[in-house]
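Protein chains in written order, with the working numbering: chain A, 1 to 115; chain B, 1 to 114.
It is worth saying that the hints were derived from the structure and are not from the lab.
There may be inaccurate statements among the hints.
As the list claims (entries may be wrong) - Just some of the chain B residues that point at chain A, by a computed CB distance under 10 Å:
#  : residue
1  : 6
2  : 8
3  : 9
4  : 35
5  : 37
6  : 40
7  : 43
8  : 44
9  : 50
10 : 102
All C-beta atoms, glycine included, are put in the ideal place defined by N, C-alpha and C.
Residues per chain, in single letters:
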Amino acid sequence: DQQVKQNSPSLSVQEGRISILNCDYTNSMFDYFLWYKKYPAEGPTFLISISSIKDKNEDGRFTVFLNKSAKHLSLHIVPSQPGDSAVYFCAASARLKGGSEKLVFGKGTKLTVNP
Amino acid sequence: DVKVTQSSRYLVKRTGEKVFLECVQDMDHENMFWYRQDPGLGLRLIYFSYDVKMKEKGDIPEGYSVSREKKERFSLILESASTNQTSMYLCASSSGDRVYQPQHFGDGTRLSIL
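Working from the sequences, and respecting the hints, build out all of it.
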């Protein structure tokens, strides 16, 4: 049972255009949503997060939108740059005992930005 | 800047061996995690720890155990390695503060079991 879904395994865009990566979830108890970027042979790098009580969070070229009624979030990258080419993972956070959390990850979307 | 260090980038072991993967973080984080990443499956949680000597099972704990004797160090142990444990292993840590802090990852250990 996949609780976090990224239905597009890959996405290709032109440099300077907008990249939109999508993510759907099923569990209403998630309280934070995150996006991580991963280059080959490196660990995932935290990109941006959004609380479940918000609908938008912006950080420079990166904006995350959350639609709770649709259980859907998206990451917008504007303008896209070749250095943005990576695998992007959507993750959802659920609180656990001891103040810890569990991150549930999607399978990732490979973004390619063409010069 | 958070630093999560995994002791080996690449490791090759044989079936049946006992394998230790080590992870150290330098930010005094309470929480530490072990994931594995496989093609088409994303990242899956194996074990986590929210305090020294505390450990909790994640989604796929079978065949693994962990040890957290010191706050900064979290070890993943493959008791008797099998070929289906060939994978990329990722360690992460996070603060236990009330204000939400994201998990930070190491660069991973690519483990091959022959």
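Please verify that hint: residue 37 (chain B), Cβ, nearest Cβ of chain A, below 10 Å or not. holds (9 Å)
Cut-off 10 Å, beta-carbon criterion: hint that residue 35 (chain B) touches chain A: Since chain A brings a Cβ to about 8 Å from residue 35 (chain B), closer than 10 Å, the hint holds.
Can residue 9 (chain B) be said to touch chain A, with a Cβ gap under 10 Å? holds (8 Å)
With a cut-off of 10 Å on the beta carbons, see whether residue 44 (chain B) makes it to chain A. The hint holds - residue 44 (chain B) has a Cβ within 10 Å of chain A, the shortest such distance being about 8 Å.
Was the hint right that residue 50 (chain B) lines chain A, CB cutoff 10 Å? holds (3 Å)
Is the hint on residue 102 (chain B) kept, meaning its closest Cβ partner in chain A is under 10 Å away? holds (4 Å)
Quick check on residue 40 (chain B) please, does its C-beta sit within 10 Å of some C-beta on chain A? holds (6 Å)
Proposed interface contact between residue 43 (chain B) and chain A, which counts if any beta carbon pair is under 10 Å: holds (4 Å)
For the restraint on residue 8 (chain B), tell me whether the closest CB of chain A is nearer than 10 Å. At about 13 Å, which exceeds the 10 Å cut-off, the nearest Cβ of chain A leaves the hint on residue 8 (chain B) violated.
Per the CB criterion, is residue 6 (chain B) less than 10 Å away from chain A? holds (8 Å)
Violation of the numbered hints given earlier is confined to hint 2; every other hint is satisfied by the structure.
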